[in-house]
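Q: Spelled out, the chains give:
6 protein chains.
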Amino acid sequence: MKALILEELTWVELNKYINDVKVALVPTGSYEQHGPNTTFATDTVRAYEIAKMLGEKYGSDALICPPVGYGISPHHMKFPGTITLRPDTYISILMDIAWSLKQHGINKILYLTGHGGNRFALGTAITKIKMEYNIDAYWSGVGSGVVKDLLDEKNCSKIRGHACEAETSQSWYLAPWLVKEEALEKGKIKKESKYKDKGIVKDGGVYWDFYEVSENGALGDSTKASIELGKEITDLVIERLCEMIDKIIL
Amino acid sequence: MKALILEELTWVELNKYINDVKVALVPTGSYEQHGPNTTFATDTVRAYEIAKMLGEKYGSDALICPPVGYGISPHHMKFPGTITLRPDTYISILMDIAWSLKQHGINKILYLTGHGGNRFALGTAITKIKMEYNIDAYWSGVGSGVVKDLLDEKNCSKIRGHACEAETSQSWYLAPWLVKEEALEKGKIKKESKYKDKGIVKDGGVYWDFYEVSENGALGDSTKASIELGKEITDLVIERLCEMIDKIIL
Amino acid sequence: MKALILEELTWVELNKYINDVKVALVPTGSYEQHGPNTTFATDTVRAYEIAKMLGEKYGSDALICPPVGYGISPHHMKFPGTITLRPDTYISILMDIAWSLKQHGINKILYLTGHGGNRFALGTAITKIKMEYNIDAYWSGVGSGVVKDLLDEKNCSKIRGHACEAETSQSWYLAPWLVKEEALEKGKIKKESKYKDKGIVKDGGVYWDFYEVSENGALGDSTKASIELGKEITDLVIERLCEMIDKIIL
Amino acid sequence: MKALILEELTWVELNKYINDVKVALVPTGSYEQHGPNTTFATDTVRAYEIAKMLGEKYGSDALICPPVGYGISPHHMKFPGTITLRPDTYISILMDIAWSLKQHGINKILYLTGHGGNRFALGTAITKIKMEYNIDAYWSGVGSGVVKDLLDEKNCSKIRGHACEAETSQSWYLAPWLVKEEALEKGKIKKESKYKDKGIVKDGGVYWDFYEVSENGALGDSTKASIELGKEITDLVIERLCEMIDKIIL
Amino acid sequence: MKALILEELTWVELNKYINDVKVALVPTGSYEQHGPNTTFATDTVRAYEIAKMLGEKYGSDALICPPVGYGISPHHMKFPGTITLRPDTYISILMDIAWSLKQHGINKILYLTGHGGNRFALGTAITKIKMEYNIDAYWSGVGSGVVKDLLDEKNCSKIRGHACEAETSQSWYLAPWLVKEEALEKGKIKKESKYKDKGIVKDGGVYWDFYEVSENGALGDSTKASIELGKEITDLVIERLCEMIDKIIL
Amino acid sequence: MKALILEELTWVELNKYINDVKVALVPTGSYEQHGPNTTFATDTVRAYEIAKMLGEKYGSDALICPPVGYGISPHHMKFPGTITLRPDTYISILMDIAWSLKQHGINKILYLTGHGGNRFALGTAITKIKMEYNIDAYWSGVGSGVVKDLLDEKNCSKIRGHACEAETSQSWYLAPWLVKEEALEKGKIKKESKYKDKGIVKDGGVYWDFYEVSENGALGDSTKASIELGKEITDLVIERLCEMIDKIIL
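Chains as they are written, first to last, in the working numbering: chain A, 833 to 1082; chain B, 833 to 1082; chain C, 833 to 1082; chain D, 833 to 1082; chain E, 833 to 1082; chain F, 833 to 1082.
Derived from the structure by calculation, the hints contain no laboratory data. Hints may contain errors.
Pairs involving identical chains hold if they fit within one copy or between any two copies, as the list cannot separate such chains.
Below 25 Å or equal to it, Euclidean Cα-Cα: the simulated DMTMM-like pairs (lysine to aspartate or glutamate) are [as the list claims (entries may be wrong)]:
no.	residue 1	residue 2
1	Lys1063	Glu1044
2	Lys1034	Asp981
3	Lys1079	Asp1035
4	Lys1023	Asp928
5	Lys1022	Asp1078
6	Lys940	Glu1024
7	Lys884	Glu839
8	Lys1079	Glu1014
9	Lys848	Glu1013
10	Lys980	Asp852
11	Lys1079	Glu1044
12	Lys940	Asp1053
13	Lys1023	Glu888
14	Lys1034	Glu1017
15	Lys848	Asp920
16	Lys1063	Asp968
17	Lys940	Glu1064
18	Lys934	Glu964
19	Lys1034	Glu1071
20	Lys1018	Asp1078
21	Lys1063	Asp981
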């Protein structure tokens, strides 16, 4: 099926399908450092690519919106080039998009985040969207968090997630230009890192500065990344997101 | 050791210990319905009791602050009596407490929530607290989320958390007046409930209205609650929170 | 009559009376220093106790809400342990409670403050509550400001209000654990205090730092406090608040 | 002495005196109905005239700022022409003026309000100004509230304040064009008015809609107004404000 | 025709015409330095005078509101006496006035600014007013920007606008007390001024500090100012604003 | 020279050049309808392409940031698919990017907008950025507004700007996929359009709903568009922006 990608349509084209749309998919990520491995665009581009793939599966059932590129990355600010929004700004963007979509008759929205640092703000946003606009909003990751079981099975690094072999693999598969193949480097975790603190949280959260965790800004071991692993991760992510979307648009 | 409980002290008394304080514990909860089983104060009182118990373990290392009672409960508004804050309001309270504590030389704060609905706002708050005040803030649950393994082992209900046997047991142990022993009732889960949607989220979130999930406002089966289970849960929660606090104040 | 105290009820219990409720009483105070005389909880606990007493008089006519404990205390920040909200935060809490109560059909709210420092914010809040939610909101003190005539008659200290004999007496009567009987001390007013400025305001206000007024954080002379005086004050406060509530719920 | 009136000066002129300035006087009022008696500008013009008179007494010690004309008048909105700010807007204006004055080395500000409806917002503003900018801010009324004893002595109407004989007299004395001499009319108080509610508040506040109190928008009896009474009121107001300012700039 | 000037009316008087009103004119300006030439009130008074002149042409078709005096002048803060609002504050005032007018049935508003520094905030405000209140709002300058062709023809200074001969002339004609005839001085433009930067913007904007442009705070050459030029400018401004208003109220 | 495009770099790569950066270029646009002619991405993509071209000219002097894609488009909401931010949200994004860049030592920012509807918010943003962060911010258009003289000379349509031949030509030249060659259509201007109102504003602004102006959402006549015209426009835009940037980074 042909995906309904807002960036590629005119309003006249969209107009033919607008009443079919059951859910809008809004990709979101960050422009933050990803070690020497992948570029600042990693999270946003991965999320958008996943959204487009879903768009091909759902055709006019799903409107694929342009990505909300800038995200919440204060914990990466010590690495030059990282740009962060304040949580309130980020939440407002998500709300405004929801409000706008509702004007066009779309009342269900799934935000797809390529960046874990957005999760608390996403959770706060969907509460506000429901309270203020009465729109059903959902959010999901698009990477390692969705397929923990697979990554465990593949013996991926324990401390993983950011610029690790899983994320680098997925980037490679989805958008090879994001990956600096010749520069791939294992995460240089600091021994005395506060990151251990996060490890002890059973049900809660800790604010931690990434530079205190990893000297090169990466976790895991991206030298083990491969396009094949990227495909495997992505296939399973798509499968699981489809299950979710099927229920949402029921 | 004697707990340093702000509500019970004068400033003259506190003044002797204020320079010893390594972390402030701020309990928080909600005033939302808990089925026919426990009262509107359930979450807040449980969190405060846990905080006081921790206070006894840490003495002048930990300042036990009064609870932030009102929480984020829009999903319970269909049940009469529930009172909710907007997320922004709730986050501002947590920020102001952090700012105030910093004026007195306290730079580490652990928020202890008896209410899962606060978690996204807590996560957003600790980000803002770090960005705006440069204070290290942490948060943790105090109930079933902290001891999932124990509850699985005990064969507690699968769909659990709110007004279930675990929470009711913990309430019974910590503050018996919260529990309406004669009225305990199993959660009346609606068959066609949207709750299944939550089940399919691997790594993300869904806003859901509690009344669409449970007719009587409860999950699990509180008729299976007991003071003994409450003690067991609480002992393990305390043990795990102590591990966390030990690392925080290191 | 049995008071309708939200903290002590389940929604099932409240549900029987919710349509009878004519007004909600929302106690509020502060967690600020009260000299060597009474604890940080003084204002909040006094207000809540008064609210419960009123609850016994009004039964299902009045819903007694949990207290808004944290208040506006920037002028006490020089005394360790004091925690203050920003005015905007405090006002938002009052608004959210009003909004929530309206969802349950309650359109009249009386805020009862045990802390004078909240008064301007209370006045601002009721204006916003009316403008934005069209709810009739009222506020009142619960202590010396309500019974000035009695205190004059009793020859109470001229510079009084905070941690003075009147407040200490009322605390003693309402919640003896608030009072440090062995530590009661007269207010150590600074001779060159800016407080005189407040004295010259006929119709207006002055921001003043409490530490510049009183070295030990107290006004008046709490060594003259007694349970008897506390009862007398409280009886008259209750009488006058009943007159007010009678008119509100007419 | 020559008053330092910002509106009438160039920066080159002001520059000669700016370092002498000990306090800024900022008049404020409202553009709200005043019955058939006086115009929408009544409160603002009265406050400005009083400020200028004070300016003549203090010369380069006091900078007379232009008035903050629009005020808080939601309770007069049922009368056509009334314009109100939201409390947050009004408070922000007062804060911005304070911040600006501080840039020029002025750290003491006295707001002079011709409108009682601004009082809670003024009180909230001076707290915020102190907390955020560390500026000493004060506020005072300029009319009947400052000289209650005189008005009692003169047997002025009991229910007075807005568009009553005292205010009309003061307007007449200060700015005759505000007064519609041929249209002066006694306040048409509604018998079943909610205003009685306000009467029962010993220490607190009530939001009330002016139209429910007075059919023609006036209180008291402006047919008894006179320039002589206006002068007497104003002389005493000036005397008392001078006492206040003397202490502020000490 | 008699102008409908809010400041000069009682509600009883306005009431006769309120249903005729087709548009409200809201003058706005600033209290910022204008070199040695004219006073801090220059922008606000000019705008108000123009509004009143328009009021005489439109009678009960146009309600002339009191001016929003304080404006956006951070770029003049280096000159003592200048007072600025934050843009958000200023925008909120414009919004509140619009909201209030709508309560009285007025749905078209023309803001008339005597100060160019308000323009971006005015543009932002009319967008918000439309989005949030669905009111048709417009704004226009009242001075040199409206009559560029005339000023070119008259060979006015190239770098003009603020405290130049055109503005000084208009002030002289409209409100002679604004002009310090004996002190008129040519603008002392700094040679290395950043102002040139503004010159290169074809379609955009630059923030610039006025003190870096002109040593005495003036542009152009006010020694060439005259009442005659002021009249000529004003006549053409009025003519063009009438054309605009005619279309607005059509 | 090689452009410094954030999206394409890792932090390790950027790190070599970060201290050379003299200005950050931040493209911004909208996701709003552009008639049957070009897609929702038109404004954002054009701005980003222009920014990249400038990046090639300035090398490590200029950091090319990812685009702020969503913009201010309430006036296009009647056309399905348009998504708008509220002005405050948009301004906050621009501010957060500026704040982040400053953390990395970059103190000059040029926002490049492909969408005229952002201009007032851009102007407001650069004022706030200067006031709050003391960063020198500038903004410029990238299209027809920058080269009015050329378009006049080419006899382009008088009512132009949005989805006209100039914009369509520029899109064609910069990113052909934006243009629906087979669907190009002249703007269907409504005869009785309010747009004439905009025509009469000499120095000011009008909020207008695009649907009331043009039935198909376009202005001008895109059937006259050509790649050649697009190149000519773009060459001149680049030339003029280079002049501007040269002065900014001097």
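Q: Take the hints in turn and mark each one as holding or not.
A: Going through the hints against the structure:
1. For the identical chains of this complex, Lys1063 and Glu1044 are neighbours neither inside a copy (32 Å) nor across copies (38 Å), given an alpha-carbon limit of 25 Å.
2. In this homomeric assembly, Lys1034 and Asp981 come within 25 Å of each other (Cα to Cα) both inside a single copy, at 18 Å, and across copies, at 10 Å.
3. With identical chains, the CA atoms of Lys1079 and Asp1035 are at most 25 Å apart between copies only, with a shortest distance of 16 Å across copies and 27 Å within one.
4. When the C-alpha separation of Lys1023 and Asp928 is checked against a cutoff of 25 Å, the pair qualifies neither within a copy, at 43 Å, nor between copies, at 33 Å.
5. Proximity of Lys1022 to Asp1078 under the C-alpha cut-off of 25 Å is restricted to the inter-copy arrangement: shortest distance 20 Å between copies versus 43 Å within a copy.
6. Taking the shortest Cα distances, Lys940 and Glu1024 sit within 25 Å of each other only across copies (19 Å), while inside one copy they are farther apart (45 Å).
7. Within a single copy, Lys884 and Glu839 get their C-alpha atoms as close as 11 Å, and across copies as close as 19 Å, so both meet the 25 Å cut-off.
8. In this assembly of identical chains, Lys1079 and Glu1014 lie within 25 Å of each other by CA distance neither inside one copy nor across copies; the values are 42 Å within and 39 Å between.
9. When the C-alpha separation of Lys848 and Glu1013 is checked against a cutoff of 25 Å, the pair qualifies only between copies, where the shortest distance is 19 Å, while the shortest distance within a copy is 43 Å.
10. For the homomeric pair Lys980 and Asp852, neither the shortest alpha-carbon distance inside one copy (34 Å) nor that between copies (42 Å) is at most 25 Å.
11. In this homomeric assembly, Lys1079 and Glu1044 come within 25 Å of each other (Cα to Cα) only across copies, at 15 Å, whereas the closest approach inside a single copy is 41 Å.
12. Within a single copy, Lys940 and Asp1053 get their C-alpha atoms no closer than 38 Å, and across copies no closer than 32 Å, so neither meets the 25 Å cut-off.
13. Neither within a single protomer nor between protomers do Lys1023 and Glu888 lie at most 25 Å apart by alpha-carbon distance, with minima of 45 Å and 32 Å respectively.
14. Proximity of Lys1034 and Glu1017 under a CA criterion of 25 Å is satisfied in neither setting, with 30 Å inside one chain copy and 29 Å between copies.
15. Proximity of Lys848 to Asp920 under the C-alpha cut-off of 25 Å is found in neither arrangement, the shortest distances being 35 Å within a copy and 32 Å between copies.
16. Taking identical chains as interchangeable, the C-alpha atoms of Lys1063 and Asp968 are never at most 25 Å apart, the minima being 31 Å within one chain and 39 Å between chains.
17. Taking the shortest Cα distances, Lys940 and Glu1064 never come within 25 Å of each other, neither inside one copy (29 Å) nor across copies (42 Å).
18. When the C-alpha separation of Lys934 and Glu964 is checked against a cutoff of 25 Å, the pair qualifies both within a copy, at 12 Å, and between copies, at 16 Å.
19. Taking the closest pair of Cα atoms, Lys1034 and Glu1071 come within 25 Å of each other only across two copies (12 Å); inside a single copy the shortest separation is 28 Å, beyond that limit.
20. For the homomeric pair Lys1018 and Asp1078, neither the shortest alpha-carbon distance inside one copy (38 Å) nor that between copies (30 Å) is at most 25 Å.
21. In this assembly of identical chains, Lys1063 and Asp981 lie within 25 Å of each other by CA distance solely inside one copy; the values are 16 Å within and 33 Å between copies.
Of the numbered hints listed earlier, those contradicted by the structure are 1, 4, 8, 10, 12, 13, 14, 15, 16, 17, 20.
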